[in-house]
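From first to last, the protein sequence lines stand for chains A, B and C. Sequential numbering of the first sequence, starting at 82, is according to my numbering. Sequential numbering of the second sequence, starting at 82, is according to my numbering. Sequential numbering of the third sequence, starting at 82, is according to my numbering.
Please note that the accuracy of each hint is not assured.
No distinction is drawn between identical chains; accordingly, a pair holds when it is met within one copy or between any pair of copies.
[Stated by the list, open to error] List time: in silico DSBU-like cross-link candidates among lysine-lysine, alpha-carbon distance up to 35 Å:
(1) Lys-116 x Lys-270
(2) Lys-375 x Lys-247
(3) Lys-394 x Lys-342
(4) Lys-128 x Lys-394
(5) Lys-416 x Lys-404
(6) Lys-116 x Lys-417
(7) Lys-270 x Lys-375
(8) Lys-375 x Lys-410
(9) Lys-372 x Lys-404
(10) Lys-124 x Lys-270
(11) Lys-270 x Lys-125
(12) Lys-417 x Lys-375
(13) Lys-375 x Lys-342
(14) Lys-394 x Lys-372
(15) Lys-124 x Lys-394
(16) Lys-128 x Lys-270
(17) Lys-342 x Lys-247
(18) Lys-416 x Lys-342
(19) Lys-124 x Lys-173
(20) Lys-125 x Lys-394
(21) Lys-375 x Lys-404
(22) Lys-173 x Lys-410
(23) Lys-372 x Lys-247
(24) Lys-372 x Lys-270
(25) Lys-342 x Lys-125
(26) Lys-124 x Lys-416
(27) Lys-128 x Lys-116
(28) Lys-417 x Lys-394
(29) Lys-270 x Lys-417
(30) Lys-270 x Lys-247
Keep in mind the hints are simulated off the structure, nothing from the lab. Note that the structure is predicted; figures quoted are calculated from it, not measured.
One letter stands for each residue in the lines below.
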Amino acid sequence: VWTLSQIAQHIDGIVQGDELYEIASVATLQNAQNKQLSFLSNKKYRKYLAETGAGVVIVSRDMAPDVPMHAIIVDDPYIAYAKAARLLNPEKARNAGIHPSASVVSDSTIHPTAYIGPQVVIGAGVTIAENVMIGPACVILDNVSIGEDSRLIANITLCDNVRIGKRAIIHPGVVIGADGFGIANDHGKWIHVPQIGSVQIGDDVDVGANTTIDRGAIDDTIIANGVKLDNQIQVGHNVEIGENTVIAGCVGIAGSTIIGKNCIIGGGVGIGGHLELTDSVMLTGMTMVTKSIKQAGSYSSGIPAEETHHWHKNVIRYRQMDKLAERVKQLEDLKKK
Amino acid sequence: VWTLSQIAQHIDGIVQGDELYEIASVATLQNAQNKQLSFLSNKKYRKYLAETGAGVVIVSRDMAPDVPMHAIIVDDPYIAYAKAARLLNPEKARNAGIHPSASVVSDSTIHPTAYIGPQVVIGAGVTIAENVMIGPACVILDNVSIGEDSRLIANITLCDNVRIGKRAIIHPGVVIGADGFGIANDHGKWIHVPQIGSVQIGDDVDVGANTTIDRGAIDDTIIANGVKLDNQIQVGHNVEIGENTVIAGCVGIAGSTIIGKNCIIGGGVGIGGHLELTDSVMLTGMTMVTKSIKQAGSYSSGIPAEETHHWHKNVIRYRQMDKLAERVKQLEDLKKK
Amino acid sequence: VWTLSQIAQHIDGIVQGDELYEIASVATLQNAQNKQLSFLSNKKYRKYLAETGAGVVIVSRDMAPDVPMHAIIVDDPYIAYAKAARLLNPEKARNAGIHPSASVVSDSTIHPTAYIGPQVVIGAGVTIAENVMIGPACVILDNVSIGEDSRLIANITLCDNVRIGKRAIIHPGVVIGADGFGIANDHGKWIHVPQIGSVQIGDDVDVGANTTIDRGAIDDTIIANGVKLDNQIQVGHNVEIGENTVIAGCVGIAGSTIIGKNCIIGGGVGIGGHLELTDSVMLTGMTMVTKSIKQAGSYSSGIPAEETHHWHKNVIRYRQMDKLAERVKQLEDLKKK
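This is chain A alone, in the form it adopts within the complex (with noise of 0.2 Å):
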């Protein structure tokens, strides 16, 4: 249980209200009850503010008069409200030390501040800085390296000699360093081209679960420092992820690409090997990506949905369209006679 005032301090904000109030978890604001703190961001949802039965809203200065009750204003609620979030809800407290049915080869460095779960599997040569957990039927490969309070969460497989650095979250099914797709056709058979490389994860990565990226061909690929992925988003070999950039879940990147700082990247999104995006480009969700992008800017391609029996013309119409366009041509050009 923290008080109003204890809270606010935390977040760097202004109390309204009763400053030992007491509060002892957070909800949505339709959901709220009175012991619970909740927040207002987006404007949207401000009708709930006079509804709601929470005890304490985070909300921006000009929110604060529809308050019911208590509040605290922030400069950004959202934010506001994460840390809030955090604080009411800290990260399970772990004892160190290692599982007793962990399988560890003797020679990985363990930092005694560590935790390795039960069932997971430590290869030779790997190094595990100080704080990290490694939760249940991990497997870790051969000389990887999990920088410090790094938390793999459950059932993750980091393969030979991928390097991940602090404070990564990583979630279960994730896959880094599996070998990328390297094929070379000899004579009509193709065969397995040795993927040598490996993978670097910067500070501050999170990886969503059912995530998979593959180690490099020869050179490694990379994510820099902040990147944000979410659930099964594919990254293949050398693809390089610049700082801050985010990726939005069932996204697909293929190899040798490479994507710049503070790129937002929406689900479903498609984009092909060895092309360029700048920095600060968004693209929205399912957009087919087949060319570099060299301005930052918002782009997007892919049809939403409209009724199958129309949607049934127009694909129909679209099979047709050069032809269409050319009739248009010669429309046009009788017109110039």
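Given the structure of chain A, go ahead and fit chains B and C onto it with the hints provided.
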């Protein structure tokens, strides 16, 4: 081995032929031999009836005269086949109990009829009901509850506080309850927003291999009774999926979207965040949904394949479509003069 | 360390330079140093030849005069590089035997030369051939068979009765033999149709990380010899993929579709169910296939990215395309009068 009359009784059908004929297994019409049971559901395959080697065929009444050997006459041959196939291929019996290689925190409540396989990890405060099967290498984190008769095949991760109903079938590689993609931009740097909600899964839900269902940001992600999910689906935080909705593989559903009951969603569909889809919506494969759908019915988007050299031409024309439409408008205006 | 002449002999090439020159590793032309071997395959990178620090470059005959240091002259530099890279980076040797933390049912047949890693689970009736490597935390369910020299890297699930050929390479997170998406609607409620078939995988098949291949409904799902699958591919039940076909990441193939030999399928492609694709079909990235393809050749669909504000305009026009086509028709009809 079952007799024809035993099978007919089980599937509520009428025997045409020898009631004591014995059947050992099922097969397709094309490949069946004389001790095998087959079925005709799709009339497109009617031609195979004449030549089938099957000892028994499940058919509707109007097809019965064409069956060369024995038949079982039913209302819905596919449903009847499904039930007969289960009769002839029962779930493997498993001894109850906890495999000695499993790692189970002692305060968990595991029903004595449940099976806990090798290398399984079970955290603190977990509740596992009657006849549950937890297959090899599953990771069940803290405070999870799993309802009776549910089966987790292998290598599945259920994160803290996830609740699974009765009779679930969950396939390998599934991750339920990983953090949603909650990030907030704090002066140019993305920070992780704690994901405090969980996931509630109803009764009779199937979840296909490598599908991921994220935990809610504050409230829970909800999958209602009878939902069937195929492989490699991504369900974002706070999504709600209504009863008896079925979703094919590779679908992505962004956060906070609400999908109604009895929907049928094809493979590779992408659905944006914060949308509402009403009941009985059908989406054909690879459709992109960017707006709420308020009317039941079938919706589509996406362009089917054509030869690449035509595609090139049409894509160029597509890019000029806005201009083309204006050129047509000009021609029409000239006409009017 | 290998000498130039040893490497040349291994890759069937001709030495240009000092036969006794020693090479320790491979590198890209841009990053290589003097004890390193590089290659020039794509003539686009010819400019790097002059400045490379590589001690040896593998090239075709016509490029040999431009190599500043030593060269190995071959017919196909990429294939030759692949073979040299394997020579210089051999698979890690592993001791044969079963790790003490593995859980193996005693009636399985495991060749004494096979390696079974830590935390592995092996079910009943499994057959594992010579020199097979089963990496950490793999789950091999009942009656699976795995052919000689196959390597399962880690954290892979093979379900009951799956058969894997020789020399397979299977990457982490792969699930082979989970139930296909077989459901039938029984008076408004979906029931699970037992999936009785299995999966047969030929020789020399690669399967990328987190790819899923479902077991057949009645007959088997079949992956022929020499097929190469990238990451996060979904292969539905009863799909058949012909010899030497290669499939890039994030492809979804719906049930009962048959794909020919020597096809090349780009990333993010979606292929509907019950279709047939003939041999030597190429599909570019993100193509949607809704009909069978009977002619070899290259096929495409999908719209490449454009600036979002243009996209908005074109999408609106696309929706009106059927009407636009009719307006053009009317103008043409007027003309004819």
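Okay, the hints, checked on the actual structure:
1. Taking the closest pair of Cα atoms, Lys-116 and Lys-270 come within 35 Å of each other only across two copies (31 Å); inside a single copy the shortest separation is 67 Å, beyond that limit.
2. In this assembly of identical chains, Lys-375 and Lys-247 lie within 35 Å of each other by CA distance solely inside one copy; the values are 31 Å within and 46 Å between copies.
3. Taking the shortest alpha-carbon separations for Lys-394 and Lys-342, only the inter-copy value of 28 Å comes in at or below 35 Å, while the best intra-copy value is 41 Å.
4. Taking CA atoms no more than 35 Å apart as the test, Lys-128 paired with Lys-394 passes between copies only; the shortest distance there is 33 Å, against 42 Å inside one copy.
5. Taking the closest pair of Cα atoms, Lys-416 and Lys-404 come within 35 Å of each other both inside a single copy (19 Å) and across two copies (18 Å).
6. Proximity of Lys-116 and Lys-417 under a CA criterion of 35 Å is satisfied in neither setting, with 77 Å inside one chain copy and 70 Å between copies.
7. Taking the shortest alpha-carbon separations for Lys-270 and Lys-375, only the inter-copy value of 23 Å comes in at or below 35 Å, while the best intra-copy value is 38 Å.
8. When the C-alpha separation of Lys-375 and Lys-410 is checked against a cutoff of 35 Å, the pair qualifies both within a copy, at 32 Å, and between copies, at 34 Å.
9. For a Cα distance limit of 35 Å, the shortest separation of Lys-372 from Lys-404 qualifies both inside one copy, at 26 Å, and across copies, at 23 Å.
10. In this homomeric assembly, Lys-124 and Lys-270 come within 35 Å of each other (Cα to Cα) only across copies, at 23 Å, whereas the closest approach inside a single copy is 59 Å.
11. For the identical chains of this complex, Lys-270 and Lys-125 are inter-copy neighbours only, at 25 Å across copies versus 58 Å inside a copy, given an alpha-carbon limit of 35 Å.
12. For the homomeric pair Lys-417 and Lys-375, neither the shortest alpha-carbon distance inside one copy (39 Å) nor that between copies (44 Å) is at most 35 Å.
13. Taking identical chains as interchangeable, the C-alpha atoms of Lys-375 and Lys-342 lie at most 35 Å apart only when both belong to the same chain, with a minimum of 13 Å there against 38 Å between chains.
14. In this assembly of identical chains, the alpha carbons of Lys-394 and Lys-372 lie at most 35 Å apart whether taken from the same copy (30 Å) or from different copies (17 Å).
15. For a Cα distance limit of 35 Å, the shortest separation of Lys-124 from Lys-394 across copies, 28 Å, qualifies, whereas the shortest one inside one copy, 40 Å, does not.
16. Taking the shortest Cα distances, Lys-128 and Lys-270 sit within 35 Å of each other only across copies (30 Å), while inside one copy they are farther apart (64 Å).
17. In this homomeric assembly, Lys-342 and Lys-247 come within 35 Å of each other (Cα to Cα) only inside a single copy, at 19 Å, whereas the closest approach across copies is 44 Å.
18. Proximity of Lys-416 to Lys-342 under the C-alpha cut-off of 35 Å is found in neither arrangement, the shortest distances being 51 Å within a copy and 52 Å between copies.
19. Taking identical chains as interchangeable, the C-alpha atoms of Lys-124 and Lys-173 lie at most 35 Å apart only when both belong to the same chain, with a minimum of 33 Å there against 55 Å between chains.
20. Within a single copy, Lys-125 and Lys-394 get their C-alpha atoms only as close as 37 Å, which misses the 35 Å cut-off; across copies the closest is 27 Å, which meets it.
21. Taking the closest pair of Cα atoms, Lys-375 and Lys-404 come within 35 Å of each other both inside a single copy (32 Å) and across two copies (24 Å).
22. Proximity of Lys-173 and Lys-410 under a CA criterion of 35 Å is satisfied in neither setting, with 69 Å inside one chain copy and 65 Å between copies.
23. Proximity of Lys-372 to Lys-247 under the C-alpha cut-off of 35 Å is restricted to the intra-copy arrangement: shortest distance 34 Å within a copy versus 39 Å between copies.
24. In this assembly of identical chains, Lys-372 and Lys-270 lie within 35 Å of each other by CA distance both inside one copy and across copies; the values are 30 Å within and 28 Å between.
25. When the C-alpha separation of Lys-342 and Lys-125 is checked against a cutoff of 35 Å, the pair qualifies both within a copy, at 30 Å, and between copies, at 27 Å.
26. Taking CA atoms no more than 35 Å apart as the test, Lys-124 paired with Lys-416 passes in neither setting, with 53 Å inside one copy and 49 Å between copies.
27. Taking the closest pair of Cα atoms, Lys-128 and Lys-116 come within 35 Å of each other only inside a single copy of the chain (21 Å); across copies the shortest separation is 68 Å, beyond that limit.
28. In the homo-oligomer, the alpha carbons of Lys-417 and Lys-394 lie at most 35 Å apart both inside one protomer (32 Å) and across protomers (25 Å), since each shortest distance falls under that limit.
29. Taking identical chains as interchangeable, the C-alpha atoms of Lys-270 and Lys-417 are never at most 35 Å apart, the minima being 58 Å within one chain and 58 Å between chains.
30. Taking identical chains as interchangeable, the C-alpha atoms of Lys-270 and Lys-247 lie at most 35 Å apart only when they sit on different chains, with a minimum of 15 Å there against 43 Å within one chain.
Of the hints listed earlier, those the structure fails to meet are numbers 6, 12, 18, 22, 26 and 29, in rising order.
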